[in-house]
Structures are given as structure tokens and as C-alpha cells.
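Asker: One-letter residues, chain by chain:
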Amino acid sequence: MMKNIITFSAGLIFGLGLIISGMTNPAKVIGFLDLAGDWDPSLAFVMLGAIAVAFFAFRKAESKGTTIFDETIHLPAKTHITKELIIGSMLFGVGWALAGFCPGPAIVALGAGYQQALIFVIAMLAGMVAHEYLYKK
Amino acid sequence: MENFTPITSFIGGLLIGVSTSMLILFMGKIAGISGIVASLLQFKNTPKGHYTWRLLFIAGLLISSTVYQAFAQLPVSEISASTSTLIIAGLMVGFGSKMGSGCTSGHGVCGLSRLSLRSLIATMSFMLIGFVVTYLILHVV
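Protein chains in written order, with my numbering: chain A, 1 to 137; chain B, 1 to 141.
Hint data in this document are derived by calculation from the structure and do not stem from the laboratory. Any given hint might turn out to be false.
With a straight-line cut-off of 20 Å between C-alpha atoms, the simulated EDC-like cross-links for lysine to aspartate or glutamate are [claimed, not checked]:
# : chain 1 : residue 1 : chain 2 : residue 2
1 : A       : K60       : A       : E71
2 : B       : K44       : A       : E71
3 : B       : K48       : A       : E71
Under 7 Å between C-beta atoms, here's a sample of chain A residues computed to sit facing chain B [stated by the list, open to error]:
# : residue
4 : L16
5 : S42
6 : S63
7 : E71
8 : V108
Here are the in silico distance ranges between beta carbons for each label pair [what the hints assert, rightly or not]:
#  : chain 1 : residue 1 : chain 2 : residue 2 : range
9  : A       : R59       : B       : T52       : 20 to 30 Å
10 : B       : F71       : A       : I122      : 23 to 33 Å
11 : A       : F69       : B       : S39       : 14 to 24 Å
Ideal Cβ positions, reconstructed from N, Cα and C, are used throughout, including at glycine.
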């Protein structure tokens, strides 16, 4: 029960962070990507703020190796730079710039009742399923 | 830079960092939204508890607008993309994040916080292409 409350709260805090930071507004994300226009560096400050906190949490997690509930932490172990990593990230980047949405903000905007966010999220789920289907072993 | 909001954006970022820290320190999980969503679409041979924490985290995200609204006016999401663009963008974000094993949260926040070279390369890849695509859309086409 405790864990469920923590996880739900983490999702809620993440969403509030996205709202407060302005990242649930696609126009603001595009304002960051538009270097040649009226550039808005806010997104970089969101990342800085998040990393400033998470950096210490991950250092702790990596040195301790277990959670506060004494369970083993499995961190991503991949280290190879693959073409899938780069091509996948570039495809992601094109979609991100086209809509101004990435997964987190789109889900928060969906919760706020934006129909366009619903369309984006359904297409995103379809894209994930398509990848699963094409690359299944 | 008239739209620049360094303070609120940094504070929002701190909250995202707190959330990410809670998930790793209490649950041993990575707050990568695309990975969490993609894992909810897997139905075969999933271990016990596979869905619970992921559904709860997504539920928290979905309810956050309503909670915010209880205290202040919710900022507007200005979405200029057409329906067809939203569909293409969504497909690319879903497919690409799965292929590249992460998105802005998984690579951009968690990965960079761990000083992962893979995540740095991924973040640079989607940001650079994002700059190029935005330039083409807003200043060339």
C-alpha cells in the first residue's frame, strides 16, 4: 500500500512539475526548438532542475544498490551506441518537433481534456505497437 | 526571449527531479514515460506486479491537471498541429522512443543524471533533429 501511494504521488508530482515548468504547452516546447525565432530556453532550465535533484538520487541508488525497502535496483545496463539508439531518437525528435509533445506532457494534457492530446497519445501507442510487431523475435 | 520563464521552469524541473528520485530510491524504477507506457502494452509473460506501479504512475500524471486546477488556473496548452500532423507525430514519437529505448524523461532526465553516454547521444540526437525540423517548418517551408 505504501509503495502504491509513493508511486501514484510520484506520477502526480511529475505531472505538476510538467505543468508548472510550462512543458505541457507545445507552443513553449516549440519555442525552445525554434533557435532562429524568439528563442525560449526554458526547457533547458527544466532539465537542469530535474537533473540537479535526480543526479544525487541516482548516485545514491548506484552506490547502495538497493531501494529504501531493501530491494535490489536494476539500472539499465546497456552501454553500446547502436544505430537503433540514434535512428530511434531521431524519429522521436521529428515527431516531438512536429507536435511539440513528448509522452509525459501529452499524457498530462490528455488528463486536462485536450482532444488533440488524445489523438497524439493513441497514435503514440500505435507507434509502439508497430515497433513491437516489426521487431518481435 | 519574451516567453522565457527561468524560475518557474526550474522549479517545475526540481519537482520532476523529486518524482524521478522517489521512483528510483523507493521503487528502484526509472521514470522514463515512454518505457512505462510501452511496457503497459506488453501482455505476454509479464512478471507479477508488472502493471501496478506503471498504471499508478500514469494515473498520477493523468490526474495532475485536475489537482493543479484546484489551486490555480491551469496554463493553456497551445496546440497548433493539425490532426494529421498529430497522428504522424504521435506515431513517430511512439515508434522512435521504443526503437531508441527512451524519450525526454528516460534519456533526457534519468540518463543524463546517471551520466550515461548512450542517453547523452540519444538526447543530442532528438534535440538536434528537433532544431532542424522546427527551423524547416517555421522558417523555410
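Asker: Run the distance test for K60 (chain A) versus E71 (chain A): straight-line Cα separation, threshold 20 Å.
Answerer: 14 Å, holds
Asker: Verify the proposed pairing of K44 (chain B) with E71 (chain A), using a straight-line Cα cut of 20 Å.
Answerer: With Cα atoms ~24 Å apart, K44 (chain B) and E71 (chain A) exceed 20 Å; violated.
Asker: Let me know if the C-beta of E71 (chain A) comes in closer than 7 Å to any C-beta of chain B, holds or violated.
Answerer: Holds - the Cβ of E71 (chain A) comes within 7 Å of chain B, reaching about 6 Å at its closest.
Asker: If you take the shortest Cβ to Cβ gap from L16 (chain A) to chain B, is it below 7 Å?
Answerer: Because about 5 Å separates L16 (chain A) from the closest Cβ in chain B, which is inside the 7 Å limit, the hint holds.
Asker: Is the gap between the beta carbons of R59 (chain A) and T52 (chain B) within 20 to 30 Å?
Answerer: Holds, at about 27 Å.
Asker: May I ask you to test the interface hint for S42 (chain A) with respect to chain B, counting a Cβ-Cβ separation under 7 Å as satisfied?
Answerer: 4 Å, holds
Asker: Lying within 23 to 33 Å: is that true of the beta-carbon distance F71 (chain B) to I122 (chain A)?
Answerer: Since the Cβ atoms of F71 (chain B) and I122 (chain A) sit about 30 Å apart, the hinted range of 23 to 33 Å holds.
Asker: Check the hint pairing K48 (chain B) with E71 (chain A) against an upper bound of 20 Å on the C-alpha distance.
Answerer: With Cα atoms ~15 Å apart, K48 (chain B) and E71 (chain A) stay inside 20 Å; holds.
Asker: Against chain B, run the beta carbon of V108 (chain A) and see if the smallest gap drops under 7 Å.
Answerer: Holds: closest Cβ of chain B sits about 6 Å from V108 (chain A), inside 7 Å.
Asker: Take the C-beta atom of F69 (chain A) and the C-beta atom of S39 (chain B), compute their distance, and say whether it sits inside 14 to 24 Å.
Answerer: This hint holds: roughly 21 Å between Cβ atoms.
Asker: Hint S63 (chain A) vs chain B: min CB-CB distance below 7 Å?
Answerer: 12 Å, violated
Against the hints set out earlier in the document, violations occur for numbers 2 and 6.
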